[in-house]
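Undergrad: With the hints as constraints, model all of the structure from the sequences given.
Numbering of the sequence shown is given in my numbering, commencing with residue 1 and proceeding in unit increments.
To be clear, the hints were calculated from the coordinates, so they are not data collected in a lab. Do not take every clue at face value.
[Said to hold, decoys possible] The following label-pair restraints were derived from C-beta to C-beta distances: (1) K597 x D1187: 51 to 59 Å; (2) I783 x A916: 36 to 44 Å; (3) S925 x S1247: 25 to 33 Å; (4) T1017 x V951: 58 to 66 Å; (5) P1004 x P1157: 20 to 28 Å; (6) T362 x V68: 30 to 38 Å.
Every residue gets a Cβ at the ideal spot worked out from N, C-alpha and C, and that includes glycine.
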Amino acid sequence: MKLKLLLFFLIFSVLKVSAQGLPCRTTEENAKVYRNNPASLQEKKDFDVFSKKFALQRKNKTSKEAAVTYTIPVVFHIYGDVQSGKTVTYEKIVNHLAQLNDDFNGRNADFQTVESFFQPRRGTINVEFKLAKKDPNGGCTSGVIFHPAKNGYGNGGGYDDQIAADAWDNTKYMNVYIQNDLYNDGATNNSGVAWYPNSDMTASNTARVVFNGAYLYDNSYSKEFSATLTHEFGHFLNLIHTFEGGCSGTDEVDDTPAEDAKHTLACTPGTNCSGDKVNFENYMGYNGAQGCYKMYTQGQISRMLAALEHPARKSLWQAQNLIDTGVNLTGSALLASVTSFKEALINDGSFSTSSTVTLSGTKNFVLSSGTLTSGTHFTHTFPAGITPVLTVNSNKQITITLTGKATSHALANNASGGITFLPAAFVGGIADLSCTALFFNFRFSDPYGIFFVDMPDVTVSSDLTWKYFEIAKGDDPAFGGWRFDANALKIETYAKRMVCENGTKNIALLASNTAVGPVSNMTVPGAFPNQLDLRTATYTAWDGKTGYAGFDYLIDGLTCYGWFKITVNANGDGYTISEYAYNTQPNTPIYTGMTAKTAVVLSEGTLYESEANDGNITTSTTITLSTNNGTFTKSSGTWTEGTHYTIMGVPAGLTATLSLQGTTKTVVTFTGKANAHLPANDAAVVITFKDAAITGGIATLDNASKTISLKFDAPYGIFYVNNTDYVASAAATWQFFSLGIGDNTDYGAWQFAAAALKMETYGKRLVGETGTRNISFIPEGTIIGASNTFVVPGSAYPDQLDLRTPAYTAWDNKTGYVGFEYKSRGRTCYGWMHVKVEAGGTGYTVLDFGYNTKPNESIKAGIQNTTTVPPPSNLTATAANLEVQLSWVNNATTATNIIIERAGSDAVFAEIATLAPTATTYTNSALTAGSTYQYKIRAKAAAVYSEYSNVVSVTIPNTPLCTVQTANGYEFINAVTVGSFTHTSGKDTSGYTDYTSKVITLTPNTSINISLVPGFTGSSYTEYWGVWIDYNKNNQFEASEKVIDGLSSKTTVTGSFTPITFTGTTRMRVVMKYNANPTTACGNLGDGEVEDYTVTAGVTNPVTLPTPINLSNAGVYASGFYASWATMPEAASYEVQLNTSGWTTVGSSVTYYLWIPKQGTQTIYEFRVRAKNGTAVSEWSTSHTIDLQSGNLGLSAIDEVKSFAMYPNPASDIVHFNFGNLDTSKVKITIYDSTGNLVGAAHNTASFSVNSLRKGVYMVIATDGNFTEKKKLLVE
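TA: Next up, the structure:
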């Protein structure tokens, strides 16, 4: 968990807040989520835009709307019914929730006493948070669920699996967790924390508010401080601290004044931030916590109303969900004191706990003593082997106890089961009961045991001062190896205890076979910097020694014990944790170095090819009999293959030797050189001991076989990677990225603050300015290697390396190179990142990178190949006659080809021609009139490409309208009627008239009548009629576009036609021709007349409204999307249609958006909008297409088969990716050449340019962290 930040690294401002209660850490904990999930951060940014637009629309509304009351079902999870000495009860939750609802609705007693300056800004929201009365199974619930004591759910990571396991469906219930130690760091005076709307969190059931039970309304030292829960609920509805970012920050609300974030006013009116008054009574500040929380502003109310439209919140208040969760049920109810049964400590499938069921309201049980009878009074669905006994205490209360033993009771058998009460159980049957069932969770444990783990070594030293790790079991499995300072070593336990020397925090050096358990001197760590010490200047017992350290941990709140095996360097400046073991039986000791069988461990599981890259393996690994004092049968010499061991998998050319190093260690070395030593030749060597090698035989070992991986390198080289741009800006302040090379090349692009840029390196060094943390600006061609000055980031937040500060502006408005070093199997290699910094230091982009795989060899910044090709210049384009003439200056005397690329309206360039190296012109023919094209070119010398030329854009002229001539001396068109449209023109001055200012509305696919009336200057003649509609809008009238044909008469003719589907407007031509059927609408038609009109698709508009424009989305999620458009004052509402084999109305809206839920498995949607006002309507807008897969993983987790495909293959320019049931924002693409070197990387994209790759076969790997698929790609 690279992104789990040490709590002691966080530095907070000194707050003038009572020491009895610390304020919330919502900003910091949400930031952790965003840093680990960039798609969630982008969703937040997008929704902030939605919220501002929502607020503006709401502010500008002039018409009154019916008040809407939002009801939110809530479930409270209580972890320990006593917190800081204060009880947490159902009644206290009910009372606090009533106070909280008063706060939101302005019913709080002090609402009328708000400072006069802010009284006009007060706002209230019609929201009621109600306890759920039905659980997710449909059974009765009080909405307050009691769990064993547990802590840590306030952390923005590390507890997600546990939180999700306890959660009720986040799409149906708001989950509130009441814990005493929010961050599991020993501090029990943190008040609360909450998370903003986040689709990913809702989908993973981790959306939440966490609050300290010590500060409930009936527990808190201050009733006003207890309103911090109102503050946290505000966060849940997307409110930000009013002081966010200090005087230069923003809470994204217009009517909350800026605050300096010092909170020194408390409850005294005052000003700060350029003299602005502070809304010190606002629930979202900290001042009010000191005795005067009173109000939200109207702007905050608008932001919360917008939040209720977020897909992560919208489902909560829907009418059907209120039915499902029972919040409005009345009548008597069954309330259980315990809803979760934990297997008894004896671990035999039995249960020793009970649950008391109380019948509320006027109903009574039919019995007042005795027991209820299964089949008569109730039925149950408990696990096999378990029988409930329902003992009647009174006609209002029964006690449920469990008899028997579950037939299956491993952890995997955890289940739920219910009791359904029958009518015979109640006086008067089940009438007036709100529900009749109760559901319970049954939690089992795997059989107890002592488990040994040969863990990946956790080593800390001056090179790597911190290493997070987790043990395999426990409520909180987190630990950290920590070199606190020079010759000062600690272990971060996150409040877990370790065995220490009496009266100190010094971790005891324990010998083998020492008990770690209830009687050990277990010591609690202090807050930073008082964590437990492995080594200090005065405590050196561990120096140069290997021993054991004991620890405790919790499983379901019960204490268990374990040990670490630790080796401390002789100088006390670093250490390694190499093994651990743990006992899962609560309150039972474990003995250091003792396991069920002797553990056989490897010092190194992987051995690497030597730096010479010649097939030699120069490192060794040691096999140790680590526990139970196990020994080999001899202490020196070498083992004999076939007698003492067998071995398989050794590559040809290498020979393995097993040499003893005392009675507990065998060293494995390899001599010779592997004949084949590319990455494809990696090998797994399996060594299996025989009885002759082990005292007591191999039956005493946990495993007689050990596997050693041999890894070979590809030939060294310098490689260039054109990655997807990694950007940090005001719009997206953080983007994690990984170069995917070496041991650890994770980084983060970071806008730390306005005009302050950092690069998170996770402890790695970058080339920097001596004596600072400033990252050096490196020009192209500069050597990066051992001679450069590399600077180290600080050990504490926010001391990461700086790309830009107010005092360091060397990068402003420049593009240059950042020099980095990375470790490849612990060996130092060098590389560069190509970085562009915006003017004023507002953001930056990592464009691409290069790296040298040869250890300790330098690299030149920006240099990809020794061969360079000058790019063509002065590209120009001229359009004429459906073709484009390109010309340019050819600067590449060594080129082998000139490559032409073109893009259409999609802005995706594709190669269209490969020309001779001397070419300077090219004609692109057969283009489409009215279309716009972009061109760029580059030269190529063998496999090396030049940079691109300038890009030119050109539009092909539209084909002119076809002309027509007639002679109307004897006849003319007198009137044209189409549907309800009529135009009488009489004789025109010439044989053709343009009446396109006259608009006829046609309904596609609906028959419409037409009447055509001829006129004559004298005698009447037989006139023939033809009508064309230019459906394809190319200014021509094709035969397929003729809608009226063959009508003739001396008088009025009538007919009908059915327009085909078209959108927008186009031209209709009416032709009247003397004595012959017109076969064309263009040219010289002889005697007759022609008139042109405009037709539009839609319905007849009694009053024409402006057509909606700027169709877009106000948020795209896996569960659906918000269709959006620009509103207009003439419209009262908007109708929205989806194109599903024809246009179908899906809803209407009185604002600028409409939520459209996902339809089955469909992910591509096309919608259009029209404005309405009474009977008046606008034309339908042009359509807009939405792809749900471009949004982040939303509310519905997809259980279908995941897949990855790419096309075209072979590819010569762009390869496109298609992801089936994968969140594109989380998929990382890596491309490796035939020798295994990384040559390409992409993230959150559906295409990749292969122009920088040489011809050949590549391996493409797509992964989202869980799903991984490999495919071969041929580049031509």
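Undergrad: Each of the hints needs a verdict: does it hold here or not?
TA: These are the hints, each one checked on the structure:
1. Evaluation of the 51 to 59 Å hint for K597 and D1187 yields a pass: the beta carbon distance comes to about 56 Å.
2. For the pair I783 and A916, the supplied restraint of 36 to 44 Å holds, since their beta-carbon distance comes to about 38 Å.
3. The supplied range of 25 to 33 Å is met by S925 and S1247, whose beta-carbon atoms lie about 27 Å from each other.
4. Between T1017 and V951 the beta carbon distance is about 60 Å. The supplied range of 58 to 66 Å therefore holds.
5. Distance hint check for P1004 and P1157: the Cβ-Cβ separation is about 27 Å, which falls inside the suggested range of 20 to 28 Å.
6. Range check, T362 to V68: Cβ separation about 33 Å, and the 30 to 38 Å hint holds.
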